[in-house]
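Quick note on numbering: the sequence shown equals residues 1 to 131 in the numbering used here.
Where hints are given, some of them may not hold.
Straight-line distance between alpha carbons at most 20 angstroms, and here's what the computed SDA-like set of lysine to any residue pairs gives [unchecked claim]: (1) Lys-110 x Asp-29; (2) Lys-58 x Ile-76; (3) Lys-110 x Leu-28; (4) Lys-58 x Asn-20; (5) Lys-58 x Thr-32; (6) Lys-58 x Thr-84; (7) Lys-58 x Ser-85; (8) Lys-58 x Ile-18; (9) Lys-80 x Asp-65; (10) Lys-58 x Arg-114; (11) Lys-58 x His-99; (12) Lys-80 x Phe-91; (13) Lys-58 x Leu-22.
Here are the simulated distance ranges between beta carbons [claimed, not checked]: (14) Gln-98 x Arg-51: 32 to 42 angstroms; (15) Arg-114 x Asn-20: 34 to 44 angstroms; (16) Arg-96 x Ala-23: 42 to 52 angstroms; (17) Gly-21 x Lys-110: 36 to 46 angstroms; (18) Val-26 x Pro-115: 20 to 30 angstroms; (19) Val-5 x Leu-113: 13 to 23 angstroms.
Quick caveat, the hints were computed from the structure, so don't treat them as lab data. Using N, Cα and C, we set each Cβ at its ideal position, and we do this for glycine too.
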Amino acid sequence: MGAAVALYSAGCFAMGRISNGLAYPVTLDFVTGFSGWLPFSGMESSGTTARRRAAHLKILLLHGDDDPQVPYETSIWYAKFLRTSGFSVDFRTFNRLQHFWTYREMDYVKQWLRPRIAVPRITVPRRHGRL
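Could you put the whole structure together from the sequences, leaning on the hints where they help?
See below:
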C-alpha cells in the first residue's frame with residue numbers, strides 16, 4: 001500500500017492537484033516504492049508545467065522478480081509509464097525476492113537517498129521483514 005500512496009502522491013504533485021481537484025499542498029523532491037504499483041492511471045503528466053514538475057521529482061522503485069503478491073511485470077510497466085510521463089525513475093530489480101524487504105534493498109535505498117538528504121548513519125538489527 002505504501003508504494004501505491006507514494007506513486008499517487010507523485011502523480012498529484014506533477015499535476016499540481018489531487019484527484020478531487022484541490023491543489024496539491026506540498027513540494028516533493030523524491031519518493032520511493034517497494035514492490036508496488038500505481039492504483040489507477042490518468043496520472044499522465046500533460047502540459048509544460050506538469051512535465052517540468054514530473055522531471056524534478058526523483059522516483060526510486062524496487063521490486064523482487066519472484067513477487068507473488070504484486071507481479072514484477074506490473075512494476076516494470078509502471079516504471080515505463082512514469083518515464084514516458086516525464087518522471088525521473090530509477091527501477092531496481094532484486095533477484096529471487098518475493099513480497100518482502102531485505103537489507104540489500106535498504107542498503108540501496110540509503111545509498112540512493114544519501115546525496116539527496118542528510119541520512120544519519122544508524123545500525124539496524126539484521127532480520128527480514130514482510131511488507
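Structure-based check of all given hints:
At roughly 16 angstroms between alpha-carbon atoms, Lys-110 and Asp-29 fall within 20 angstroms of each other, so this suggested pair holds. For the suggested pair Lys-58 and Ile-76, the alpha carbons sit about 16 angstroms apart, so the restraint of at most 20 angstroms is met. In summary, the hint linking Lys-110 to Leu-28 is supported, as the alpha carbons are separated by about 18 angstroms, within the 20 angstroms threshold. A C-alpha spacing of about 24 angstroms is found between Lys-58 and Asn-20, which places the hinted pair above 20 angstroms, so the restraint is violated.
With a C-alpha separation of about 9 angstroms, the suggested pairing of Lys-58 with Thr-32 holds against the 20 angstroms cut-off. At roughly 14 angstroms between alpha-carbon atoms, Lys-58 and Thr-84 fall within 20 angstroms of each other, so this suggested pair holds. Distance restraint check for Lys-58 and Ser-85: the Cα-Cα separation of roughly 13 angstroms lies within the 20 angstroms cut-off, and the hinted pair is therefore satisfied. The suggested pairing of Lys-58 with Ile-18 holds, with an alpha-carbon distance near 19 angstroms, which does not exceed 20 angstroms.
For the suggested pair Lys-80 and Asp-65, the alpha carbons sit about 16 angstroms apart, so the restraint of at most 20 angstroms is met. Taking the CA atoms of Lys-58 and Arg-114, the gap is about 13 angstroms. The hint holds against a cut of 20 angstroms. As the CA atoms of Lys-58 and His-99 are separated by approximately 23 angstroms, the hinted pair breaks the 20 angstroms bound. For the hint pairing Lys-80 with Phe-91, the CA-to-CA distance comes to about 9 angstroms; that is within 20 angstroms, so the pair holds.
Pair hint Lys-58 plus Leu-22 does not hold up; C-alpha atoms about 23 angstroms apart against a cutoff of 20 angstroms. Between Gln-98 and Arg-51, the C-beta spacing of about 35 angstroms keeps the proposed range 32 to 42 angstroms intact. For Arg-114 and Asn-20, the Cβ-Cβ distance of about 36 angstroms falls inside the hinted range of 34 to 44 angstroms, so the restraint holds. Checked against the hint of 42 to 52 angstroms, the pair Arg-96 and Ala-23 passes, with Cβ atoms roughly 43 angstroms apart.
Checked against the hint of 36 to 46 angstroms, the pair Gly-21 and Lys-110 passes, with Cβ atoms roughly 37 angstroms apart. Checking the proposed 20 to 30 angstroms range against Val-26 and Pro-115 shows it holds: the Cβ atoms sit about 21 angstroms from each other. At about 18 angstroms, the beta-carbon gap between Val-5 and Leu-113 stays in the expected band of 13 to 23 angstroms.
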